[in-house]
Amino acid sequence: MRSQTTATEGRVETKATRPPERRRRAVKSSGLLLVAPAVLLVAAFTLYPFASALYTSTQLSSPILEEKFVGLQNYRDVIISSYFLDAVKTTSLFTAVAVPVLIVLGVLVALLLNEPFFGNAFLRAGMLLPWAIPASAAGVIWQWVFLDDSGALNASLYSLGVTNDYIPWLTTPSLARMAVVVVFIWTQLPLVSILLLAALQAIANDLYDAAAVDGASTFSRFRHITLPGIRPMLVIVTVYEVLMALTTFDLVYSLTGGGPGTATTLLTYFIWSETFTQLSFGQGAALAVIIALVSLVAIFIILRALPEDALVGEDR
Amino acid sequence: MKRRTLLRRIVIYGSALLLAIFWFGPFVLVAIGSVIPEANLFTFPPNWFADPPFLGNYKYIFTGEIPQTYLQRGAMRSMVSEEVRWIPYSVFNSFVVATAVMFIVLVLGSLASYAYARMRFPGRKGTFLFVLLSRLIPTVALAVPYYTIVQSLGLLNTRWALIGMYTALTLPFAVLVLTLYFKSIPREIDEAARVEGATPLQNLWYVTLPLSLPSLVGAGLFTFMLAYSEFLLALLVTNTRIARTLPVTLGTISTNPDVSWGLLMASIMIGSIPTILLIYPVWRFMVRGLTAGAGR
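From first to last, the protein sequence lines stand for chains A and B. Numbering (the numbering used here) for the first sequence: 1 to 316. Numbering (the numbering used here) for the second sequence: 1 to 296.
Among these hints, one or two may not hold up.
Incomplete in silico selection of chain B near chain A, CB under 8 Å [said to hold, decoys possible]:
1. LEU29
2. VAL30
3. GLY33
4. ALA112
5. TYR114
6. THR127
7. PRO172
8. PRO200
9. PRO247
10. ASN256
11. MET265
12. ILE268
13. MET269
14. ILE276
Covered by chain A, per the in silico footprint, the following chain B stretches (three or more residues, Cβ under 8 Å) [to be verified]:
15. 10 to 21
16. 56 to 63
17. 149 to 161
Keep in mind that the hints were calculated from the coordinates and are not lab data. All C-beta atoms, glycine included, are put in the ideal place defined by N, C-alpha and C.
Starting from the given sequences, assemble the full structure and let the hints guide the process.
Set out below in structure tokens:
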């Protein structure tokens, strides 16, 4: 409230001359006033719910039973459950395969799009489509591609004479896992390539010119100019995609439903089914807190990897 | 030398072609699947192009008229899922929610970003980092509390609940993009206006925003896309047909084992229309906004 009064005074006073000390104070509080709605809204939708999740995770909580404090029981139950370990393994494997492949492909696609060729603009604009359509739709589209009995991929392979029988893509555990990776890459590659392309284009051309004068090979130009130039963006994109991979949900839901068995049950899908189909809110919340802690570790890594002033900028 | 450039061109066009097949192939298959009668889709060996394309699936979604091909084969009748008739309405729902979120985010986001880019105040760095890092808490960790909160507010199955949650989830990105962009505008322009006696709000409205159009469009469209596509939270807080957003309706239809694939394909085509319409502006403005932010 106090800041508001000061801000109004400040506005009125701008036209008159006034002592610099006062003016600075007015500007100070009006800055706080401008950021307040955004900050408060974000706080209301993160701090409170997260605190509430922490609380729920220590309760025996479900819609039918009465709440009861059980301490860290939920965490223990969750961590020793073989389903949880299974989901952790699946998620780690998924992330460890999908993200490196995605980043390498992203660099290659960015380099490709940085070259002039016929159809470049079309590809650049059109590739936003896989990224922009809802991921749940992407899951359905690819379910149709991979469908066992007569999916599009099977039909095409058969028509081309590559196979003479249908391949059960989504009901064979290893193939289903591969399918999830493919669809994840399909939806994420556009964004990764575009961000890396933006970084590529920010590299000054004279660097390449100078290297060409010095007779540097294509590879050493990539190694010594391109790679260092896109390094900050590579770090950001990698961390972002790790977070995306760790929290993948929509496409699993509509592509495989976590199956066959639990072959593609990633952590987020596991938390969701634990909470809303098994209705054990306490354990679901404990799982959520665990995955949030994993992400905090990722945050820590970002902060360490980025230079001090990379986010807020230098003039402070 | 000449051979090298030829090889280079082969590599470039070859990989561009592969990429185009990977990215657009599935869409082509969906488009084809949506105009082929169900019976032809599921024959072995494949016999997709036996009949001319038919638009019965689209017609059913909009008018409820059951296509002839479904009536002819009695067994196929159960596969006409009534859920798909809600697709146009779900598109509308998603569109309304996403548009509202976009406007709120742009208003709150540009106010905050202006302060972050141009003013000094206590807590500037701290609150900025807080807003950015808040997004790193995975949505699923917030899902259960959101559900309880929305339920206790009596907002289950309303657009308000979705708008509130999506605004909070998309604001951080908008604040980041806009702050970086505002900073790239020369400070002198701003100071000149201040000397003339403009208040921060006037400065923002008359000076900074008109100069930041690319980043505003970019951040706005990005926000729209995220809100239009969000699935997990929408799945939780909307469970009636009338409240569902497009991703949820699609998800529901796809998990129904009896669904007709032709209808599902047609639904996806209809649901993708808003996205397709927004592709060009996103490309044009977002990438510019990002480049301006990342470079400096």
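To see whether the hints hold, each was checked on the structure:
| no. | hint | verdict |
| --- | --- | --- |
| 1 | LEU29 | 4 Å, holds |
| 2 | VAL30 | 5 Å, holds |
| 3 | GLY33 | 6 Å, holds |
| 4 | ALA112 | 4 Å, holds |
| 5 | TYR114 | 6 Å, holds |
| 6 | THR127 | 5 Å, holds |
| 7 | PRO172 | 7 Å, holds |
| 8 | PRO200 | 6 Å, holds |
| 9 | PRO247 | 4 Å, holds |
| 10 | ASN256 | 11 Å, violated |
| 11 | MET265 | 7 Å, holds |
| 12 | ILE268 | 5 Å, holds |
| 13 | MET269 | 10 Å, violated |
| 14 | ILE276 | 7 Å, holds |
| 15 | 10 to 21 | holds (count 6) |
| 16 | 56 to 63 | violated (count 0) |
| 17 | 149 to 161 | violated (count 1) |
Checked against the numbered hints given earlier, this structure breaks hints 10, 13, 16 and 17; the rest are met.
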